[in-house]
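Q: Residue strings, one per chain:
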Amino acid sequence: MFLTFVTFLPLLGAFALAFIPKENEGTIKQAALGVALVDFVLSLGLWMGFDNSTHAMQFEFSTSWIGAWGVNYHVGIDGISLLLYVMTTFLTAFSILVSWNVKKHVKEYMMAMLALGTGMLGVFIALDLFLFYVFWEFQLVPMYIIIGVWGGPRRIYAAVKFFLYTAVGSLLMLVAIIWIYFVVEDATGVFTTDLIFITKHLDVDLGTQKWLWMAFFLAFAIKVPMFPFHTWLPDAHVEAPTAGSVILAGVLLKMGTYGFLRFNLPLFPHASYEFIPFIATLSVIGIVYGALVAMVQEDLKKLVAYSSVSHLGFVMLGIFALNEYGLQGALLQNLNHGISTGALFFLVGVIYDRRHTRLIKEFGGVTNYMPKFAICFMIVTLSSIGLPGMNGFIGEFLILLGMFQVNKMYAAGAALGVILAACYMLWMFQRVMFMQSNNPENEKLTDLDLREKILIAPMIVLIFWIGLYPKPFLKTFDASVSHLVTIVSPDNFRPGKIGGSHASTKIDKALKKIEKQTHKKSH
Amino acid sequence: MVELEYYLILSGILFSIGVLGVLVRRNAIVVFMCVEIMLNAVNISLIAFDRYNNQHDGQVFSFMVMCVAAAEVSVGLAIVISMYRNKPTINLDEFNLMKW
Amino acid sequence: MLQLAWLIPLIPILGSIVCGLYGLKLGKDKVAKIACGGPILSFLLTLIVLLGFLLLPEGVHVWEQVLFNWIPVADFVVQWGYQIDPLSLVMMLVVSGVGSVIHVYAVGYMYEEYSFYRFFCYFNLFLGAMLILVMGNNFLLMFIGWEGVGCCSYFLIGYYYDKKSACDAGTKAFVVNRVGDFAFILGVLFIFNQFGSIDYTTVFSAAPTTLVYGSETATLICIFLFIGATGKSAQIPLYTWLPDAMEGPTPVSALIHAATMVTAGVYMVARCNVLFALSPLSMNIVAFVGGGTAVFAATIGMAQNDIKRVLAYSTVSQIGYMFLACGVGAYTAAIFHLITHAFFKACLFLGSGSVIHGMHHEQDMRKYGGLKDHFPITHITFLVSTLAIAGIFPLSGFFSKDEILFHALMDGNIILWGMGATGAFLTAFYMFRLVFMTFYGEAKYDLSFHPHEPSKIMTTPLVILAGLAFFGGLLGIPIIHGWHVLHDWLEPVFHVDSQTIIDYSTQHMIAAGHHVPTFEALTHEPSHNVPLEISLMGVSLLIAIGGITAAYFFYIKFPKLPDTVMGGQWGLELVKNKYEVDEHIDEYIVQPTVEGSFYLWKGDAKVVDGAVNGAAAVINWFSKLARPYQSGFVRNYALFMVVGFLAILIMVY
Amino acid sequence: MELFFFIPIALLSVLLALGVVFNSSPIGSAVSLIGMMLCLAGVFVLQSAHFLAILQVLIYAGAIMVLFMFVIMLLNLKTAEDSVWKSREHNTLLSVLTGFLVLGLAYKMVEIAMDSNFGPGMPVKDGFGTTEAVGTVLFTDYVLPFEVASILLLVAMIGALVLAKTKID
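Chains as they are written, first to last, in the working numbering: chain X, -2 to 520; chain V, 6 to 105; chain C, 191 to 843; chain S, 3 to 171.
The following block holds chain X by itself, in its conformation from the complex (with noise of 0.2 Å):
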């Protein structure tokens, strides 16, 4: 019941909102800020009293929900979900602050990005494949009005995009929700959706597992953004208002991989194992392709968009590494993008708050004006590159680990992502932060004022957390992940071969041959 009420709060704040006069756009700002905050807090209460050891759901709640086709309200969370969710309390509420200086329409900004929270946080939680696609849908209208209301100025072209683009590949989701309801109808005689009882029984050939996969795939691919459905991407986060741009990367693009971990893997393992080179040459392809077309960006958060889809590579290399350093490592390079990505759209904002455009050509030389800025810009950049020592760079490791037992190649093909990322994210902050100003009106720029210093402080807090003892958050993983991997591993699907998340045994192996070949020649 917590969780449904730390789930449900941003949304009953939004309703309270309605009833404060829009003229009190002060109190309407706080109180969206308050309610956001004390939810970051409650949510902080989950990490706290939940139990690193086991990978069973916690603080679950199930009641019926539509009795009559055995849909059941059923949340809970686990390693691999709380961590999301805590970033998503966390992001909300920071974009409330980042949005602080929105001038139209207040009060429905603030009704939207509190809705927009709940919808983001029951996707989250979701047990239940209907819940869950309920919650998937319902997400999609408060980021819409944000993008279409408050955005750009192509704006209702990007928000129909992103809309349009979503929701398409959302629906063979649910009509693959619906094929596997009655496929277990058919198994175990009972109506229902509930997805822990799904993942039990669900039984169906590896034909039939291919083609539910792709329904699904098709859903998250869509949303992560993987090569090549990522085009929505660039066009809505330039587009967004910047606290639109920080939830779209640091939440709205993790439900896509938070999909594949909590569906396509332990639904489908068979299938997930075929679909390794697919997926990974996906990933590699749109690593090297996001860091390559990002070099040669006009516009800064183009450029953060495309490194986007780079950085979402690592991750979906990670997931279908299929081995516990993989899965590991993208569930905290999801952490990781959020983190990085979230201040560094925040961040194009500051400058974009004051400068009124964000093509890089227009700026250089603002370490001299905006020192402060300056030293914030490089930890997060740097952050970005995935500098040991910050955070990008465990997540990033830990995935390429996973990938190299399964793949050489793969791994070597995304490590080439690591050169290009120095590339495009150096040049750019070489163009926009040294060398002379290009314009006069950059010598008017101030630097970072309190609520900006508020803002990006916990997020470098954080990088550095994460890149110097990501241990807490490692162990939040931990017993999820190695559950999932023993559904997943891909021990299961290769009679014969040995897995690769123990190279050790493998050596020992070897050995054992060789002594018993020797000896037996001894003979």
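Simulated from the structure, these hints should not be mistaken for laboratory data. In this text, a Cβ means the ideal position worked out from N, Cα and C, and glycines have one as well. Wrong hints could be hidden among the right ones.
Claimed, not checked - Some chain C residues well away from chain V (every beta-carbon gap over 10 Å; in silico): (1) Glu632; (2) Val686; (3) Asn719.
Unchecked claim - Distance windows between CB atoms, simulated: (4) X:Thr354 to C:Glu254: 49 to 57 Å; (5) X:Val458 to C:Lys215: 16 to 24 Å; (6) C:Glu254 to X:Thr483: 32 to 40 Å.
Since the structure of chain X is provided, determine the placement of chains V, C and S on it from the hints.
A: Showing chains V, C and S alone in chain X's frame:
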């Protein structure tokens, strides 16, 4: 004793006339009147069945239909007035705002 | 006492944070105290740790301090731990010692800069990262330091961030280093895949019994690690960033791009000597790349006119020597040369800094000349260091270089020795060319201003370093092995258990049905042919003197000679332009990538997004077909209703 | 006996209904409609639904038709702006099709009515269709819809007010 069928035939014919009116007339008020014809036609069959089955449910239904008709006419005519205010005509061919 | 080890890298990092956050408020003097205090404290702590290490019981050569589990994922557990062993102690002493001296110098050099604090923030951070690099007990922790120093180097090269050339150089350094890091990461991945761990102790103790001598895996691991090293240590093919890195302030060039960071690659290869021992092919590659770089960079150095660039190419060349030594298995010699090089090259850079400082930031040697009277201390110290680098008896460079040449001949072959000898000749030549052009001959600068020796805070470090460059050779005198302190000291680290390797590999090859070689290279014990050694010393001394004499003739005796001999030769132009490597990389790699990316972007909008919008357009087209039926007229809708109603009637009845 | 009254009333109501559709003046249409309503009240009486017959006269012929007349007068619509058969597009084909469609509809409904075989109905009880009888049903079984209907009327009233109100700034 008149057979039930006669009433039903009357109902059907009146209904068709109402439909014809809705389809061919362009004066909004006349279209409304034709809708009233259709509603009345339905009432006839409701009441006819009512007596046939010797119960009162149908009459209650016609009562409801009258309520709805009254509501519909009051709102509908208000709409006609506001239409007229926007554009000094009630020719339905002048109004195609539902087109996107 | 050993327990204090964890403080050693932490202190400079804390200093960096303090300087960075409060530097502007504290004022320059306090910043200077904090910034110099940190490294000096680290150096003292290192001495204490050294003492503690010496007091360890007999036979214990490694002491580890694990602070916490850094990345624990399933069976992949990376500790944040420091390993104290002879090799890391040597590196720690060099880094913190030379680092402290250069910090003090930098206070004087940078004092007029507005963002003094920013400089020391980076500089201290660099020192901390470098100490982590050498102290880490596993590859990933080394990688933290590895990238950390790269990052600080990026900051410091781009210290004058409003200069485009400085920014370009910084970005270039970072990116080129990243190419190396990419390989390093792959190497680490291979190591984990092979050994199931990335801790030094586990990997190096397991290596002889898990890797087959000369096997593909061993070679791949070594080659990837070595590519990483070439990036950091500026070897062919990833050397191009180092000369550009001279855009940074001179103390940076001294500390980062001469004494410490660029030798990290050598440290790494030396650290992984067990792995390299298992792969003869990669050893050869290391040796030849090192030797090749030594000669190649020296030729470029001969024709440069920027004083710092000459020194930069000299650094590249000297590191080539170190790799040459590693490649022939003479790790002690490599580390020896690393140490002496740190002394004399730091001194040279700082000396050049003094000159540049005194000459109002003029770096072109053609505009110097006859400065020896204006810079008496600088002149003397510079000369000492130059003699050391040229290899004149009994200065430090003589011993270390000679040991490398000796091992190149004995453990390698005549070609490697030839490379080394050529390099030695060229080094002596271009270094004395530099000295002659700067301190001797006619004054070519604008006589209206008076060059002046910098203050004491800058000359004291010079004297210290020159002293070290003079006496540093005493660490190891090649002939008399009993006196070779460094060799005995490092023996536990560089000791390779050949017998285990041979046993395991033999066993494995027999099992796989391969022919078993005799493992000559492993069983081969270097012989101590004292007469040969002494004659080689004589030869190398002659070579050095030959180089100096040539430089004397070219630049003092007959200043016109260079132009008459070399003028108009195509070779000179080529060398002056650094073999046009940068231009070719730019033309064939960078530009096509950027242009290709541009087309990729356009393609992204046209093709990938076009497909999406195309799908939408198809639906739109169908919708257009349906549009006339949505006329907006109420009657039309009513008509459709009736049609539908009738259809239902007809269907149902 | 019933038939004797039924046929003329039925014919008259059909004729009046046609009059609503084909009268060129809205007032003529409205008057025809009133006539038709009254005829239908007669039909209800034949079905012994006396209460409904009264309501028919009161609500339809009275209230609703007054509203119609009122609006027609208000808008001053002397003649219809359209003649019946000429649509603006002069789409004869569509008009003819519409005619056939409606004819088909009528034919089909009549056919269904003729084909179905209901047989004689139940004998009518005493007090069928009286106010008491209908009221009992209305206030027992259908009390909730009844109340909902009252809300509906209320909503319609407010809606009509809001819609027809002239905006005064």
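Q: All hints are to be evaluated individually against the structure, with a verdict given for each.
A: Verification of the supplied hints:
In this structure Glu632 of chain C is separated from chain V by more than 10 Å, as the shortest Cβ-Cβ distance comes to about 89 Å. Interface exclusion of Val686 of chain C from chain V stands, the closest Cβ pair being 81 Å apart, more than 10 Å. Listed as a non-interface residue, Asn719 of chain C keeps its Cβ farther than 10 Å from every Cβ of chain V; the least gap is roughly 97 Å. A hinted range of 49 to 57 Å for the beta carbons of Thr354 of chain X and Glu254 of chain C is consistent with their spacing of about 54 Å.
The supplied range of 16 to 24 Å is met by Val458 of chain X and Lys215 of chain C, whose beta-carbon atoms lie about 22 Å from each other. Between Glu254 of chain C and Thr483 of chain X the Cβ separation comes to about 34 Å, which falls inside the hinted range of 32 to 40 Å.
Checked against the numbered hints given earlier, this structure breaks none of them.
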